[in-house]
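**Q** Quick one: dock chain against chain with the hints and give me the complex.
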Amino acid sequence: MLVPLPLPPRKTLTPPRLLLAADPHPKSEPPPHLLGSPLRAPPCRTCSRSSATSSSSLSAVVRKVEGSHAVARQTAELLRSVVSQHRMGSSANQAAALADAVRAVGEQLIAANPIELAVGNIVRRVLHIIKEEDISATAVGIEGLSVTVDSDDEYDSEHDDRPSLSAAVLAAHARNALRAPSLQTLLEDIPVSPAISRTASSTGDSDGKSKSGDKSSTRKLKHDVIAAIGDLIDEIDSCYEPISEQAVELIHQNEVILTLGRSRTVKEFLYAAKEKKRSFRVFVAEGAPRYQGHVLAKELVEKGVQTTVITDSAVFAMISRVNMVIVGAHAVMANGGVIAPVGMNMVALAAQRHAVPFVVVAGSHKLCPLYPHNPEVLLNELKSPSDLLDFGDFSDCMHFSTQDGSPLLNVVNPTFDYVPPKLVSLFITDTGGHSPSYMYRLIAEYYSADDLVVRRKSTA
Amino acid sequence: MDIRRPPPRSSSGGVEPRFRQVGFVTSAEPGPAAASPPASDGLSPVMIPPPLIHDHLPAPAPELESLMPSSPPPASSSRLDAGSDLGDDDDDVDVSWARPRPPPPALPEPNKRDLTETKSEGHPTSVPQKPKLSKAERRAIQEAQRAAKAAAKEAGSKSTAKASDVNTKISKQPKAGKAALKKDVTQVNPPAASDKKTDERLPDKDRKKDVPQPRMQFDDVHRVVKAKKRSVVNQSEARNRVELFRHLPQYAHGTQLPELESKFFQPDLMHPSVYKVGLQYLSDDISGGNARCIAMLLAFREAINDYSTPAEKILSRDLTAKISSYVSFLIECRPLSISMGNAIRFLKNRITKLPLALSESEAKASLQSDIDRFINEKIIVAGKVIVSHAVTKIRDDDVLLTYGSPSVVEMIFDHAHELGKKFRVVVVDSRPNLEGQGLLRRLVAKGISCTYTHINAVSYIMHEVTRVFLGASSVLSNGTVYSRVGTSSVAMVAHAFGVPVLMCCEAYKFHERVQLDSICFNELGDPDAISRVPGGESLSHLKNWAENENLHILNLKYDITPADYVSMLITDYGMLPPTSVPVIVREYRREHVWI
Numbered sequence: 002m003l004v005p006l007p008l009p010p011r012k013t014l015t016p017p018r019l020l021l022a023a024d025p026h027p028k029s030e031p032p033p034h035l036l037g038s039p040l041r042a043p044p045c046r047t048c049s050r051s052s053a054t055s056s057s058s059l060s061a062v063v064r065k066v067e068g069s070h071a072v073a074r075q076t077a078e079l080l081r082s083v084v085s086q087h088r089m090g091s092s093a094n095q096a097a098a099l100a101d102a103v104r105a106v107g108e109q110l111i112a113a114n115p116i117e118l119a120v121g122n123i124v125r126r127v128l129h130i131i132k133e134e135d136i137s138a139t140a141v142g143i144e145g146l147s148v149t150v151d152s153d154d155e156y157d158s159e160h161d162d163r164p165s166l167s168a169a170v171l172a173a174h175a176r177n178a179l180r181a182p183s184l185q186t187l188l189e190d191i192p193v194s195p196a197i198s199r200t201a202s203s204t205g206d207s208d209g210k211s212k213s214g215d216k217s218s219t220r221k222l223k224h225d226v227i228a229a230i231g232d233l234i235d236e237i238d239s240c241y242e243p244i245s246e247q248a249v250e251l252i253h254q255n256e257v258i259l260t261l262g263r264s265r266t267v268k269e270f271l272y273a274a275k276e277k278k279r280s281f282r283v284f285v286a287e288g289a290p291r292y293q294g295h296v297l298a299k300e301l302v303e304k305g306v307q308t309t310v311i312t313d314s315a316v317f318a319m320i321s322r323v324n325m326v327i328v329g330a331h332a333v334m335a336n337g338g339v340i341a342p343v344g345m346n347m348v349a350l351a352a353q354r355h356a357v358p359f360v361v362v363a364g365s366h367k368l369c370p371l372y373p374h375n376p377e378v379l380l381n382e383l384k385s386p387s388d389l390l391d392f393g394d395f396s397d398c399m400h401f402s403t404q405d406g407s408p409l410l411n412v413v414n415p416t417f418d419y420v421p422p423k424l425v426s427l428f429i430t431d432t433g434g435h436s437p438s439y440m441y442r443l444i445a446e447y448y449s450a451d452d453l454v455v456r457r458k459s460t461a
Numbered sequence: 002m003d004i005r006r007p008p009p010r011s012s013s014g015g016v017e018p019r020f021r022q023v024g025f026v027t028s029a030e031p032g033p034a035a036a037s038p039p040a041s042d043g044l045s046p047v048m049i050p051p052p053l054i055h056d057h058l059p060a061p062a063p064e065l066e067s068l069m070p071s072s073p074p075p076a077s078s079s080r081l082d083a084g085s086d087l088g089d090d091d092d093d094v095d096v097s098w099a100r101p102r103p104p105p106p107a108l109p110e111p112n113k114r115d116l117t118e119t120k121s122e123g124h125p126t127s128v129p130q131k132p133k134l135s136k137a138e139r140r141a142i143q144e145a146q147r148a149a150k151a152a153a154k155e156a157g158s159k160s161t162a163k164a165s166d167v168n169t170k171i172s173k174q175p176k177a178g179k180a181a182l183k184k185d186v187t188q189v190n191p192p193a194a195s196d197k198k199t200d201e202r203l204p205d206k207d208r209k210k211d212v213p214q215p216r217m218q219f220d221d222v223h224r225v226v227k228a229k230k231r232s233v234v235n236q237s238e239a240r241n242r243v244e245l246f247r248h249l250p251q252y253a254h255g256t257q258l259p260e261l262e263s264k265f266f267q268p269d270l271m272h273p274s275v276y277k278v279g280l281q282y283l284s285d286d287i288s289g290g291n292a293r294c295i296a297m298l299l300a301f302r303e304a305i306n307d308y309s310t311p312a313e314k315i316l317s318r319d320l321t322a323k324i325s326s327y328v329s330f331l332i333e334c335r336p337l338s339i340s341m342g343n344a345i346r347f348l349k350n351r352i353t354k355l356p357l358a359l360s361e362s363e364a365k366a367s368l369q370s371d372i373d374r375f376i377n378e379k380i381i382v383a384g385k386v387i388v389s390h391a392v393t394k395i396r397d398d399d400v401l402l403t404y405g406s407p408s409v410v411e412m413i414f415d416h417a418h419e420l421g422k423k424f425r426v427v428v429v430d431s432r433p434n435l436e437g438q439g440l441l442r443r444l445v446a447k448g449i450s451c452t453y454t455h456i457n458a459v460s461y462i463m464h465e466v467t468r469v470f471l472g473a474s475s476v477l478s479n480g481t482v483y484s485r486v487g488t489s490s491v492a493m494v495a496h497a498f499g500v501p502v503l504m505c506c507e508a509y510k511f512h513e514r515v516q517l518d519s520i521c522f523n524e525l526g527d528p529d530a531i532s533r534v535p536g537g538e539s540l541s542h543l544k545n546w547a548e549n550e551n552l553h554i555l556n557l558k559y560d561i562t563p564a565d566y567v568s569m570l571i572t573d574y575g576m577l578p579p580t581s582v583p584v585i586v587r588e589y590r591r592e593h594v595w596i
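Protein chains in written order, with this note's numbering: chain A, 2 to 461; chain B, 2 to 596.
One chain only, chain B, in its complex shape (with noise of 0.2 Å):
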């Protein structure tokens, strides 16, 4: 077994970022943990062979849970003093942890059990939780024996018999943990195992499961046909698609609404609020990252709001499916932006870790305030968060350019003229969706003087312009902003300019996805809005674009804007390069994005 474990050296590089984080969690973790309703000790054993996965343990017992800080089981304590050989940036943080330093008195063999799960839960979201016991239990002995050696070097500060005292200790419970927690596990299994068994292994396993699952491919025939049996939309496929683009689903459009209207009543075929969501996707009646995120949300939240357990099932499980889906009809009406993708994933999340002993109002109750807080700390306080930061950035006489019509931005621009900041505003628009004439439209009502143009016109006009302002879909971990088709085209005459290039992204759009260019992964919308031009009939000369098979039409929504264009990411958590993607990804997505 120590042969499959990576080499002292390295693994302590590897452990040394976790035990960082244990400092995150001790001051994050009490809040959900105290909320967190009494175990499920009165569950009656299923007993199903654990396969494998010890996912989510549901909350420890609530005596441990508040015995837990002021006096540390023996598994903390060791973790101390395997985390005090790594180096002096962590004692503080293990010394938060462990003040009191006598282990407790034995303990009877349910608090025991109960411990080691308070040991696997204490940093379920920085140590990706073990899901192996023998794995665990793997690694709690090496640590002790770690520990051992370290405080065997030390010495001087901490006496090398408690050291041992620990780690006997240490050795000797794994084994009753085992036990006790294979129990457990079996109890808890049916309803955790289900969605996320990638995200909670161990570090090295968890970094290979890490990696973005691979999206479906478009032009793999068997998948699409399986995805067609499922579909509920029944979209049909453009004629004369891309050679390009062939991996990304482009259908005919605006076809199947009033089909999928007329079923609007039919019962049990979706949530009506969800079905609405989609039809609005579907019409391109809601666009906008936050904007699809929030009535995403706000539906799934009627729909929880509406949910009854059937009969035999369990919520948790039951429910994840129905979430799930509603997504993939969401993903038939429209593609989810990345942004969707983790606020579903934080949903998930959220109930598969719903503790079992909760009573069915009460996990829907405590569902639906998570959503509520999904939206206001992730989008709607975030928002105003890098809007306090951007506004430092304007100063009088600003020539300010923005592209399209992104929501922070707008909300940038509002607050900096309600402050009596003195600037003009570039919008710079581009076809099919013109969006930018509504914000050109909203900006002048309000008093802001506005210069408008066509994005061919953006090198014309950046002689004038002091800084960019830009919205992203999506900031992934290389660096790169996925944004609205035509963004990276701004950024980069600006580049070419030297004008600053600030890119306001709230950090729930992160992502861990690295992309190259913008053909790997995008959007393809409706290839008539672009042979329809204004103007009139006359100007139109791609009216029957689709008989001809040589020509295609090619309308991409978004594109990757190169991390180098971008001079600064305005985030909720500050103004970052765009290098510290990765960094904000990895260590604020466990906790903290995810709350």
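Excised from the complex, chain A in its bound form (with noise of 0.2 Å):
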């Protein structure tokens, strides 16, 4: 049973990052064939790595969770657990010491599964609530500080450099937030911190009055950034139903609908629509090689919905037919673009050529802020060939080489497909219907700018 010569998952055409970011983990119980062959079993690089940090059993969960809403949900509460355990010291800038807390962890996450963009994202969600809460904590506390300076007169001095200052501090991160990175307002971001950090030490210097104040006011940012975390988990578990909400008024009486592959936010748009006694039918393409199509079939069927299962060869004799094609997809990229499931660039390409809208469900932890390049290639992912070949019967294959030993045979496997933005009509969200070129407008009202790049800030 066992194969002399294991098939690498690609030979020189993908960077080296990607043959690394290949997925050890096979999805699936491999067939029995499979049990003890060397293929299945790469030496996994990434759980070796991260026994390092304390998280880096999460990280290798991470590669374990399948699809980005659950790894989404995952990073979520990892990063709630995160705030939880972090002690606030007594730093001066407690906001800026629990967001590099967060962002280290991140950083880990990340590198732990670069294709899953949900992580990135996730990530990126937490800094921007660390900070707008920090913000308002910052706002909440000058109004608390003015009603005391009234009755102190020792803060005099700072009552008139504070409002100023914090104000300064608000305006900024108001511009940032909106504003796309830039070498200026990387420049900017480095006397905002000082500033603030030298107001909390301003006063840390002071009795130990303050001190306490600034402790409750730690403890308060501490609860809010996990209250607020705390509803992040609660969108991203709720997100179907503003989008469910919307296929209403998307699906007419017997519609034709088209989809690929399984996607949950698709079932629950079409569960919803058929709810409301609409009576439509939908066509699945099964979405080889895990044809998860199949589940999707069954699980309409379930609820009655009138179903066909197609090959996904048969996309493009079928879509004439079709009136619409709903996808869920795997991440939104900032220019709209989108990655999915695999097969899907050919879907959306014949849905253009017979005119047929194109609609992308996508709840709001898909928002990716990135722009892609060239993601075909390098935001994916390759799997095991043993998907696509039995290597029991292609054994006799695999000792072929050619002169300088490379191996004859290789087996692509690719794991997703980057639709570009110009092939998708709609991107139904938890806000709603947006099109492509709206998507880094929507995009920028969930992340700050300068969160871009997650990493771990050399400071302190």
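These are computed hints drawn from the structure, not numbers from a lab.
All C-beta atoms in this analysis are idealised placements derived from N, C-alpha and C, irrespective of residue type, glycine included.
Some hints here could point you the wrong way.
[Unchecked claim] Label pairs and their calculated CB-CB ranges:
#1 A:Ser396 <-> B:Gly575: 40 to 46 Å
#2 A:Tyr372 <-> B:Arg247: 44 to 50 Å
#3 A:Tyr372 <-> B:His464: 16 to 22 Å
#4 A:Pro358 <-> B:His464: 51 to 57 Å
#5 B:Lys423 <-> A:Glu446: 50 to 56 Å
#6 A:Ser436 <-> B:Ile381: 51 to 57 Å
#7 A:Ser436 <-> B:Glu550: 24 to 30 Å
#8 A:Asp235 <-> B:Asp220: 49 to 55 Å
#9 A:Tyr372 <-> B:Ile381: 52 to 58 Å
#10 B:Ala446 <-> A:Pro422: 40 to 46 Å
**A** Written as structure tokens, this is what we have:
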């Protein structure tokens, strides 16, 4: 049963980084004949490397978790525990320290699986939350201070420059949130944190009364951040509802819908339309090599939706009779492009050819603030060839190689496809329908611009 | 009568291609014509009133056949004159046709009769033969008149006297010819009229009749019931049929095979070789357009070999009926591919064209050699020609993508590899048949570097591809390519990435039908093949799919690729744009494709 020569996932065409990222864990139970073959167990680099830190086991979990929704949820939960376990030291800038801690974990999580963009999205969301809570806490603190200041003369000198400073901070944040990162904002960023730390230190050197006030404010900050992350988790959990509410407005009677593979968002979307007594038919392309379309078809039929399973190759043949293509996404990029399960680009091209609307439904945790570059290769993942070829049958072909020793037989099994924005007609997110050209703006509401690159700052 | 005939200008326009085709005929005709044996003068006329149709005349008398090129009969010289007013491009043809100007001396009656035959036989393919004698005659008169007019106009090169001489000759000739032909038809008609009246008519009518017969629509209840009564296979309808495809047959797969196998030794059911091929179709042992076509033709060849005409029957008629019953059996096993339909048409055409004078063994031998010739020329040699064309399009360091396992494309890769070209092949495959794996195995064994992937990943792999080679099941006359399902997707992605798509297809697979989508005509495969998923029970979620009436599984076999996705069509007639298909179909079908 042992296969003599393991097939490499890919020869030379992908960058080494991707080879590293190739999934070491087969998602499904491998067929019995593969058990014990050297093919399925390349050394798990991510696992072995990450045992250094405390959150490492979780970053390994990230690799095992399937689907961007589950990944997003677990990331948010992990970050919540990171925040709650974070010891609010007596350091000057509590928010910055908290953000640093989150960033440190986030960096690891992202490195564990750079393809799973939802991880980065959630890390950025949490960073954004910390920042916002800090701003509001500062604002509240200022108000509180201004009340106390009246009774106390000691702070007269500071009373003057504090509001102005925090106003500057607020303004900077407000600007940052909207502006794309530029060299100028990077430079502007620098004075902000010293300013905060200066004010903090200036309070720190005064007596214990202000310190206790500070402590309560940090506890409040932490509490607020945890609560906000809890809200985020709720939002991730319930993102299907606002999306599926829009189903009736988009699906009319006797519609013919095509989808590929399985997406929970699509399922809920179609369920919602069905519950509103719309009758429609669905073509489900099975989505090789994982055949998740079969699962979706089964789920739809249970709700009484007329479903037809077709092969992926028949998409072009059937699309002329389809009114609308509704698909889920793995991630939505800032330019309006979509990272989606493999085969989606083909569907999108066919839909464009026949002028069929191509609708992408995606929760807000899938909105990624990055602009893709060569996403077909760089944001892709090559899975085990055993999905496509039965090694038992093809063991005789594996001896062959060219003169330079590279194997004659290569198998390519990518996971994702990139659908360029021009092929997408509409995005349905939990905030409503948007055109691809608007995505960058929508995304700016969720993230602050200086978090685009999640990297620990070497300041502390 | 003149009212019905098209106006002179359009008629001359309609006639023109006819004359151009005469050129082809003269070059191509001598072979079969010379081969045709003595005429059937000795046959006693069976006086059945002629049903308007003068279908295929038996081969003309040999002495006239040999006489014809040297001394053209009046009819052909009249044609010459008629042709000469059509344009310069026809002149050379005419000259080759009728070198000796002077009309032959008055011919004896039987000769004259045969002459009219030769006239109509002389271009049976270009001008579909005149079914109605009166029409043929009318035409002759009309042409003669036109010729006279033209001759009168020219007056310089051709003497009016001669033209008028011809003219009078012609105006006299048809009447005699008519009587003679009528007699002849009565002799000939019984065997000839059996099958293909449609093909052999006057151009205007012919054009109408050229439209392919509408296919059997399986949502037509009456016809389905009728067909059921005749059927051998007794297929049972599949459950949960897809609404859109009610017009196509879909049967429960695998149920009838054991029963049919048990019937194998029953006498007089089918010829065993045909039966065997049918079962092979049924169980998908033979797949691929060429393989199926060759298997069918060889089975027919064997069946013809074992055939003996029953008493009181005529070979050509009985054999045609026999072949038809075989064909309907094969259709029940699996719907015919378009290429097989073309091959059957060819065979039936040959049968009906069999000279009556042939003895049974001679006729059988001639049919068998026809079949061999078809297989050799139209499939095997055509494939080699395609390979020789296509290899010129492969350069070193090319990355060639193919989909499925087209036999011609495999030959191209093999040949290019033998020539020492350095290239890499991407084999794209799709469920449920996974034919690409076989191709992959064969190519790797030959030492060609291969990459294997599935159809969903085609846009991932297309970045590195420089050429796409695809096979076709048929090319329709609007340029669309009817091929294995998924071909269109591959072509579409290649088109989107700006990669040239080279479609390889033998010309015998061309068809004059048109199709706009993949739904009106297609073939449905076994839905269970899709519900079965590799990788064990835990992954197959659709095991009991038929229990739920809301769930359908569609296993399409073919799809159509729009012409604009195809950069080039490589056929045995050379490399063409897909828009040239109707030209090939029209110009070559009659004489060349059908040999």
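**Q** If a hint holds in the structure, say so; if it does not, say that too.
**A** Outcome of the hint check:
1. A:Ser396 <-> B:Gly575: 40 to 46 Å: holds (43 Å)
2. A:Tyr372 <-> B:Arg247: 44 to 50 Å: Between Tyr372 (chain A) and Arg247 (chain B), where Cβ atoms are some 48 Å apart, the hint holds.
3. A:Tyr372 <-> B:His464: 16 to 22 Å: Holds - the Cβ-Cβ distance for Tyr372 (chain A) and His464 (chain B), about 19 Å, lies within 16 to 22 Å.
4. A:Pro358 <-> B:His464: 51 to 57 Å: Roughly 27 Å apart at Cβ, these two residues miss the hinted range, so it is violated.
5. B:Lys423 <-> A:Glu446: 50 to 56 Å: Hint holds: Cβ distance 53 Å, inside 50 to 56 Å.
6. A:Ser436 <-> B:Ile381: 51 to 57 Å: holds (56 Å)
7. A:Ser436 <-> B:Glu550: 24 to 30 Å: violated (39 Å)
8. A:Asp235 <-> B:Asp220: 49 to 55 Å: holds (52 Å)
9. A:Tyr372 <-> B:Ile381: 52 to 58 Å: Distance hint for Tyr372 (chain A), Ile381 (chain B) holds at roughly 55 Å.
10. B:Ala446 <-> A:Pro422: 40 to 46 Å: holds (44 Å)
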